[in-house]
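A.B. asks: Residue numbers (this note's numbering), protein chains in the order written: chain A, 1 to 319; chain B, 1 to 257.
Bear in mind the hints are in silico, worked out from the structure with no lab data behind them. A virtual CB, placed ideally from N, CA and C, is assigned to each residue, including glycine. Some hints here could point you the wrong way.
Said to hold, decoys possible - Covered stretches of chain B (chain A as the covering partner; in silico rule of three or more C-beta atoms under 8 Å from a C-beta of chain A):
id, stretch
1, 14-22
2, 52-60
Said to hold, decoys possible - Calculated from the model, a selection of chain A residues having no Cβ within reach of chain B, i.e. all distances over 12 Å:
id, residue
3, G63
4, R80
5, L100
6, W129
7, D130
8, V218
9, G223
10, R295
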Amino acid sequence: MQPAISVHDLAKRYRSVQRSDRAALLGLTLDVPPGEIYGFLGPNGAGKTTTIKLLLGLIRPTGGGGTVLGHPLGSVEARRRVGFLPESPYFYEYLRGDELLHYYGSLFGLADRVRRQRVDTLLRLVGLWDQRRLSVRKYSRGMLQRLGLAQALVNDPDLVILDEPAGGLDPIGRREMRDILLGLRERGKTVFLSSHILAEVETVCDRVAILNRGELVVVGRIGDLLAGGREMELTIHGANGSLARHIEAIPGATIHHGTDATVVVVPEQRFVYPIIDLVRETGGQIVSLGAKRERLEDVFVKLVGAREDGTARSDGGGT
Amino acid sequence: MIASPVLVVARQVMREAWRRRTLPVLALFGCGIIIASAFLSFFQLGTEIKFFKDVAIAVIFLFGAMATLVLVSTQLSGEIESRTIYNVLSKPIRRYELVLGKFAGSVVAIGIAVAPMVGILMFFMYVDQGGSLLEAAKAGYMLWLSFVVLSAVALAIASFSSSIVCAALSVLVYVASYLKSAVIAYAGMVTYSRLAAGAAQTFYYLLPNFENFNVRMAVVHDQVVPWAYLFRTTLYAAALSAFFLYLGTQIFQEREF
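Please model the complete structure; the sequences and the hints are all you need to start from.
C.D. replies: Printed below as a string of structure tokens:
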């Protein structure tokens with residue numbers, strides 16, 4: 001099956017007259033399978049927005065190339081089937097919400113009847129039906145974000161590219177956004193999601209790519225990235241000093257004293273049994289015990305943080 | 001009905017011109033001054049209608065040029081500065097279609113803003129039996145043609161600059177274009193250098209000659225503006241607009257956002 005997005009050795013270098021050229025993207029190779037929600041992660045300045053701009057033809061690559069839905073990057077044919085929500089979307093303030101959607105719908109060449117139907121459906125979907133006749137300048141940040149999502153879906157796109165879609169949304173708005181994304185996947189659409197909210201990404205994405213300093217650090221299924229740890233986690237009530245001393249003697253183990261409970265993480269299962277015995281002997285109580293599940297945030301920090309440290313060390317060595 | 005992207009953008013520009021109220025306010029002011037000058041001209045014994053026509057055409061010229069600069073200089077660069085360009089260019093519209101749509105919408109909106117001022121001029125000429133209404137209409141048309149060319153020039157400048165720079169450069173080009181005959185004559189008088197003369201010649205041919213659109217004196221003195229001249233000037237305006245729009249689309253095509 002043809003990938004929704006396929007880029008090979010995609011590079012972007014920004015030229016500067018005053019300073020030396022800056023490489024924003026260093027040979028990115030990526031295939032985004034169709035029908036999936038694909039998380040595109042990275043710290044600030046990693047090259048995520050640059051990649052999105054390259055996909056849409058807002059900027060031109062200085063190396064490599066690729067396709068979007070089988071068409072060259074940025075081509076009109078590709079853009080006809082793509083919906084895009086930019087980070088912190090800006091709109092014409094003198095228009096009303098419904099007028100804005102009609103305008104964008106017209107740019108897709110939607111017939112009047114189809115456009116009217118689509119605009120009404122989308123305004124209800126994003127919860128702006130009651131505010132549709134309100135001037136955009138009176139919209140709150142969250143409402144603008146909802147309107148941004150609506151305009152990204154006005155052409156019923158096969159590929160939706162979202163740059164920080166949850167920015168400015170309250171918890172209910174985020175949940176609704178998540179439901180919309182899941183609904184898109186159910187309908188066979190591809191969602192390319194750039195976000196800093198890793199818990200959100202972990203919940204909805206099938207696959208993620210992590211970018212750092214213009215380079216791809218890792219790419220894979222969420223399940224594969226989060227699996228593989230052998231660490232065990234115990235939550236204990238009534239832990240005393242002898243437990244802390246015991247844990248300190250285990251290489252790689254950590255202990256965290258909370259207000260209600262103590263959380264202990266040990267590197268392997270064999271370390272668990274002596275801890276259970278010790279807790280029972282000292283009158284404590286095991287509240288929970290299980291394999292420690294890694295979160296996407298842990299993976300992200302491990303991968304990006306490690307590279308940042310490495311770079312910092314090598315930078316430091318060079319000066 | 002499915003409209004082409006150029007038409008969609010043009011309609012949007014016209015709606016923006018109306019909603020932002022700058023154009024209607026300028027048109028209203030212009031109309032007010034023309035009406036006031038009609039009453040003031042009664043104090044100019046013997047020359048009242050000439051005075052009125054002179055002032056009215058000058059007002060249409062001034063307010064039309066202001067409306068053009070205010071509207072057009074905020075079109076492309078305004079989209080970039082307010083970051084609305086991302087939402088537009090991610091849609092299936094070619095960049096030249098965006099520029100052409102901005103141009104089409106601007107010149108129609110400016111035409112609509114100028115029309116009431118020309119209408120008032122014609123009304124008072126009719127009431128006073130003060131000359132040919134057809135010639136007044138021709139003068140209005142010629143002024144609008146000059147605004148069409150100015151729009152194309154401003155869009156070409158906007159394709160690489162900010163709103164403020166665009167407005168300033170457009171004013172500079174507009175003023176320089178009116179002064180260019182004098183500049184060439186001065187350059188011819190003060191220098192024997194072939195280089196300076198060549199530069200002056202280049203300057204002369206590069207800048208549009210906005211004087212070609214000025215038929216104010218003909219209307220004031222009840223002279224006839226020949227149809228052939230009108231036709232030639234229309235072709236001149238079309239050629240100039242096409243040149244500057246081509247320039248603008250080429251530059252805009254290369255821009256990154």
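A.B. asks: Quick one: work out the minimum CB distance from G63/A to chain B and report holds if it exceeds 12 Å, violated otherwise.
C.D. replies: holds (15 Å)
A.B. asks: Can we confirm that no CB of chain B comes within 12 Å of the CB of L100/A?
C.D. replies: The claim is violated: L100/A sits with its nearest Cβ about 9 Å from chain B, within 12 Å.
A.B. asks: Find the nearest Cβ of chain B to the Cβ of W129/A and say whether that gap is larger than 12 Å.
C.D. replies: holds (21 Å)
A.B. asks: Mind verifying the non-interface call on R80/A? Its CB should be farther than 12 Å from each CB in chain B.
C.D. replies: Violated, since 4 Å does not exceed 12 Å.
A.B. asks: Mind verifying the non-interface call on R295/A? Its CB should be farther than 12 Å from each CB in chain B.
C.D. replies: holds (32 Å)
A.B. asks: Count residues of the stretch 52-60 of chain B with a Cβ under 8 Å from any Cβ of chain A, then say if the count reaches three.
C.D. replies: It is violated, with 0 qualifying residues against the three required.
A.B. asks: Classify the label on D130/A as holds or violated, using whether its beta-carbon is more than 12 Å from each beta-carbon of chain B.
C.D. replies: holds (22 Å)
A.B. asks: Classify the label on G223/A as holds or violated, using whether its beta-carbon is more than 12 Å from each beta-carbon of chain B.
C.D. replies: holds (32 Å)
A.B. asks: Run the C-beta distances from V218/A to all of chain B and say if the shortest one exceeds 12 Å.
C.D. replies: The claim stands: V218/A keeps its Cβ more than 12 Å from every Cβ of chain B (closest is about 28 Å).
A.B. asks: Taking a Cβ-Cβ distance under 8 Å as contact, does the stretch 14-22 of chain B have three or more residues in contact with chain A?
C.D. replies: Three-residue rule met by the stretch 14-22 of chain B, so holds; n is 4.
Hint check: violations occur at hints 2, 4 and 5; the rest are consistent with the structure.
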